[in-house]
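S.K.: This is what each chain is made of:
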Amino acid sequence: MSDITQFLSGNSILEITYIVASVLFILGLKMLSHPLTARRGNILAAFGMGFAIVATILFHRKDGEPIGNIPYIIVAIIIGTAIGWIIAKKVKMTAMPQLVSFFNGMGGAAAALISMMEFPHVSPELIARSGMANGHVLAILLGLMIGTVSWAGSMIAYGKLDGWIGDLRIKWMKYVNLTILAVLIGFIVFIMTRNVTSATELTPYIYIMFAVAVVYGVLFVMPIGGADMPVVISLLNSFTGVAAAMGGFLYNNQAMLTGGILVGSAGTILTVLMCKAMNRSLLNVIVGVFGGGGAAADDGGGTVKEITLSDAAVLLSYSKKVVIVPGYGLAVAQAQHICHELDKLLEEKGVEVKYAIHPVAGRMPGHMNVLLAEADVPYEQLIESDEINPDLPNTDVIVIIGANDVVNPAAEDDPLSPIYGMPIVKAREARNIIVMKRGMGKGYAAIENKLFFNDKTRMLFGDAKATLQNLVSEVKDL
Amino acid sequence: MENIFDFFLQHREAIFIVILSIFLGIEVISHVPAVLHTPLMSGANAIHGVVIIGAIIVMGHAESTGSMILGFLAVILGTLNVVGGFVVTDRMLEMFKKKK
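Which chain is which? The protein sequence lines are A and B, in order.
Last residue of the first sequence: 478 (the numbering used here), numbering continuous.
Last residue of the second sequence: 578 (the numbering used here), numbering continuous.
Chain A with its partners taken away, still in its complex shape (with noise of 0.2 Å):
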């Protein structure tokens, strides 16, 4: 009987629950890295997260204290909630990457603001028995920094993203950030030697070493180039993954465990798989090469020429195989779905139409797809670029719209080039290429792309939505 009233006490059905929640997390892991289980999974990991909150509010026990406060958390996660689900909702899947960017600066601020509150907490006892060089305070300032290096970090790629931040590239700015670093170490180092009765004596350098942290999180994410603000994002994330570990450590919690460190080394693995993507190493990201070489200035030379859009319509219209390469332009522009019309359009009139997709089109890996399915283009007409590639030299007419680097053959030709080994859609072998862009200016990554001055190569210039609309009339009235 007393086995019973143990066990409805909670701190079984607490642990019980922690270590379900976390089977559920590495299950939804797992299932989200295949098409088919990827939705299931992550509703999954989902339903694990509602156990383990529902569990803490019920049962955790601190010193055989309940949690208190239950209203206030109540309603708090009910604001969280509400917040949350109108702007994950709401938001344009073309902003999509800014959005995780922005959650995952959240979760990082949260894991801050627990350090910061647990510092002054940390129990005389422990001090007068360890010092403050001890696992708790270790976990709490690491916590605290890289949580904060987390969010500040997020905020920035979050405007970067939505383009109200620009890069800022000075060359010794990564000197300043390696000291920023050290000083942050310095302060975990100095807190950690203090010889003090109680914490709250240094609350005033958590502060601090607090403002020092956001000094840093936004020197990292100043100067990297907004093409690889993925893999930052990406980084970040599992930034955040160990942040939250940190808070396990804390409270001896199992699910914030398993759960931030899952995310953790996971969000490292995925940042790699990025880099790979883009044949870049993630120190080359980080230390941030990119545009900054400034050798591959020769000119590309020569003019560019324009085709009018009836002679467009006539050349897709009278073609056998076209392949579309959609890049972000068209995703700013919400061309996608105007696009597919257009295919669909051309497919009546019996032209195979595919899509080549290259790995980081768009501003994340696999961005461009998440952009056209929400355009209905069916998956079989998706291919990615490596697979379309060999294909190019019996394709009648390559459309590129909004695309830029990914099918420069600076990549292959110009080895001074910063984006030289990337693999690309290797456009110019197709028999006739048009480009639809805004205008001459270079892509996000500031690059010529020779591509445009090819002979074989016609631009159109204009909005995408706009052009591929006129695009889709003229194509009617053939």
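Calculated from the structure, these hints are not laboratory results.
Mixed in with the good hints, there may be bad ones.
What the hints assert, rightly or not - Okay, the calculated bits of chain A under chain B, using three or more residues with CB under 8 Å as the criterion:
| no. | segment |
| --- | --- |
| 1 | 56 to 64 |
| 2 | 100 to 111 |
| 3 | 386 to 399 |
| 4 | 466 to 475 |
Note that the Cβ used here is the ideal one computed from N, Cα and C, for glycine as well.
Starting from the structure of chain A, add chain B where the hints point.
M.R.: For chain B alone, kept in the frame of chain A given last:
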């Protein structure tokens, strides 16, 4: 030195979990197709929202008004991370499913 050993002994279970989780995380996602990079990142993003448990614990034992406010804020931010993360991921994946 003694501190380090002490720390190790005290936290050996946690350290165990950490090491196993690192390998698990690597193993679980090492064969993911590029198409799923974004949803996977977003899903993982939601999972580290587990930090909300810490926020609930702090809030649940907060005494002063100051820590109540900070705790309240932490719970909101944590919830944002969790709810926003899962909902966005679901929205992305919903689109993959539609044309089946």
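S.K.: It remains to establish, for every hint, whether it holds in the given structure.
M.R.: Verification of the hints:
no.: 1; hint: 56 to 64; in the structure: holds (count 4)
no.: 2; hint: 100 to 111; in the structure: holds (count 9)
no.: 3; hint: 386 to 399; in the structure: violated (count 0)
no.: 4; hint: 466 to 475; in the structure: violated (count 0)
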